[in-house]
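Peer 1: These are the residues of each chain, in order.
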Amino acid sequence: MLKMVLTLISTLFVIGVFGQNNLNNATSSCIIHKQKKTNIEEINSIDKFLRSQLTLFIDEELVKDSVFKTRGYVNVFFTLKPLNNDTTTVFIMKQFSNFDDIDNDKNFPSFYMWLNNKMILFYVRQLDNIVCKKLSLRSKKKFVRKIEPFLAKQKRVGRFKNFRPDEVFQLHGGKTIYLINDEHLMRH
Amino acid sequence: MSEYANKCVGIQNIWNSYTNNEVFGYITMDDKLIVTNVLPFIGGSASGLYLFNNIYYYPYPDSQGSLNETYAGIIHSAGNYFIPIKASLHTHTPCRLDGTDGVSHPVGADDISTATRYPGINHWVVGCNAIAQFDANGVFFNVQSGSLVVNCNKVY
Chain A
1 MLKMVLTLIS
11 TLFVIGVFGQ
21 NNLNNATSSC
31 IIHKQKKTNI
41 EEINSIDKFL
51 RSQLTLFIDE
61 ELVKDSVFKT
71 RGYVNVFFTL
81 KPLNNDTTTV
91 FIMKQFSNFD
101 DIDNDKNFPS
111 FYMWLNNKMI
121 LFYVRQLDNI
131 VCKKLSLRSK
141 KKFVRKIEPF
151 LAKQKRVGRF
161 KNFRPDEVFQ
171 LHGGKTIYLI
181 NDEHLMRH
Chain B
189 MSEYANKCVG
199 IQNIWNSYTN
209 NEVFGYITMD
219 DKLIVTNVLP
229 FIGGSASGLY
239 LFNNIYYYPY
249 PDSQGSLNET
259 YAGIIHSAGN
269 YFIPIKASLH
279 THTPCRLDGT
289 DGVSHPVGAD
299 DISTATRYPG
309 INHWVVGCNA
319 IAQFDANGVF
329 FNVQSGSLVV
339 NCNKVY
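Residue numbers (the numbering used here), protein chains in the order written: chain A, 1 to 188; chain B, 189 to 344.
Don't read these hints as lab results, they were simulated from the structure.
Note that the structure is predicted; figures quoted are calculated from it, not measured.
Misleading hints may appear alongside valid ones.
Pairwise CB distance ranges, derived in the manner of DEER restraints [what the hints assert, rightly or not]:
#, chain 1, residue 1, chain 2, residue 2, range
1, B, 228, A, 148, 29 to 39 Å
2, B, 274, A, 180, 36 to 46 Å
3, B, 204, A, 161, 13 to 23 Å
4, A, 86, B, 292, 42 to 52 Å
5, A, 45, B, 257, 47 to 57 Å
6, A, 142, B, 201, 42 to 52 Å
7, A, 52, B, 335, 41 to 51 Å
Examples of chain A residues lying across from chain B (beta carbon under 10 Å, computed) [claimed, not checked]:
#, residue
8, 93
9, 123
10, 139
11, 155
No residue lacks a Cβ here, since even glycine has one placed at the ideal position from N, Cα and C.
Chain B with its partners taken away, still in its complex shape (with noise of 0.2 Å):
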């Protein structure tokens, strides 16, 4: 798992620095941002949230090692720690091909699930000079288009 103190520093390095992965992360709710999987692009299997009491946490093994951020809220049980978050975010990386903007095609069936899974959190795609979020509707909403740069900031 990486850590950014800084999310904005963390989503420009995730969309720059994996070309030609998906790469998957949640947003805390102090407004970090975890990277829990970079996946290829056929896809893969994530690390998935624990719900509980109206509240979604990431858990995280001691065994993994220590962490380097502070996380408000953090839960530490029993050999594992739980971090709170608010939103998940993962990269569509294909649109670097397709000449598209990665989240102005209908939202598949695939992200549509892990929406419906996790109704109580925002989930946001990266995608090519665009950030949108989509829920368990099936569609982009919030779509903001331009340099990433200063969209990061508007992922929550």
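Excised from the complex, chain A in its bound form (with noise of 0.2 Å):
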């Protein structure tokens, strides 16, 4: 599923839908707006190199990071490839924030999947930046309540009610790895 989500990607740049006029343009947010709401899928088969990183990225941080041991999740963002090039980058960090704006519909995942006991989440940017991404309410909120665990405890403070007083999120950081056919070479 992800090498075909790559390949359409690749598709749209080649025939200019991703063009330097719509990378400038601030303001755009998609361009095709589809009928169908999708769902947030959960795989379980990706890129062996991919996921030998993953398992030893999640080992590094559970070492470093008191907290990603009881919190927190792995985000992992793709970089589009464009047709002619073997290339693609992924970009592979922690995160601890939530999911309550059940409305922000790109913050959510496409994809995910576990990985020692933790939870993978990917995203292809570029993307939800050509297709407007429209997830089912029933997939975000069956999403929400496995990733729930996960997540700084809610509390109610005041009036406000789901509050996550221990809540942060992580800014910068991370690892970019590159798929290279089979050839993988990794960036610190």
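Hints are included, so try docking the two chains, each in its own frame, into the full complex.
Peer 2: Shown next as structure tokens:
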């Protein structure tokens, strides 16, 4: 499924949908407006090298970050790959923030999986900038139920419901991985 | 948390004082600056926002001490202050070493993630002799080149 998505992005890039004019227009959000809502899909199979790097990343962060031992998840961001380029850039980072804004579809991943008791969330931002992300409420709620145990606890504080006093979010930091056909390079 | 009644004084101070850190903060609804996190180059965790009635608030617990400034629209409830904010701001310090202005490269996935999480506020980066906004679309825009002494007033 991930390969299909990346191929679609590559095709759109080549035909010019994701051209420079759109890149320079900071107010544009997406181009294609779908009729149907899609579901956030749970997957269980990814590139072997990417899987091994994710496992290493989780192990490293568990040692470095005590909060990550009990909370948090891993975001995986894929970057556009033109058809004539064999390299897919993947950025990996841990994250702790919530999904309480249920209407903010772009904040939700397209896919997720489990690895070593951590949720791995997959995003293809370029696709979201082309095809308006429209997720079903049911699948978002299902996803939220699954990720909730890994978020800061909610409390009612005065008039504020669902406030998470201990919540932080990760700003910068992470790893970039390059997937080049069968050859894989990694940069910290 | 550091508070600056004059955002320009604050923006210049975080840029000049933290040459080896990335500094993160928020512009309040009444145009003041609160600096919430001083992070290493490799990043770290920053304090998040709470969305209530379409306004983003920075939560500040009483236990961390009293506030030095007053803030328009502030709410105090059950041991927490909630400061209404209109923009995030952070420094891109690595441009001091790589020779860029810090706002001309593609916006990183981590910054896009922040803008996607908080779409209802402006997001600013302070770079080397330049400031710029970014959003969930992944490009810098409203780039203002020149002295920070002048450009700090353009952060809103």
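Peer 1: Which of the numbered hints above does this structure break?
Peer 2: As far as the earlier hints go, 3, 4, 10 are violated by this structure, in ascending order.
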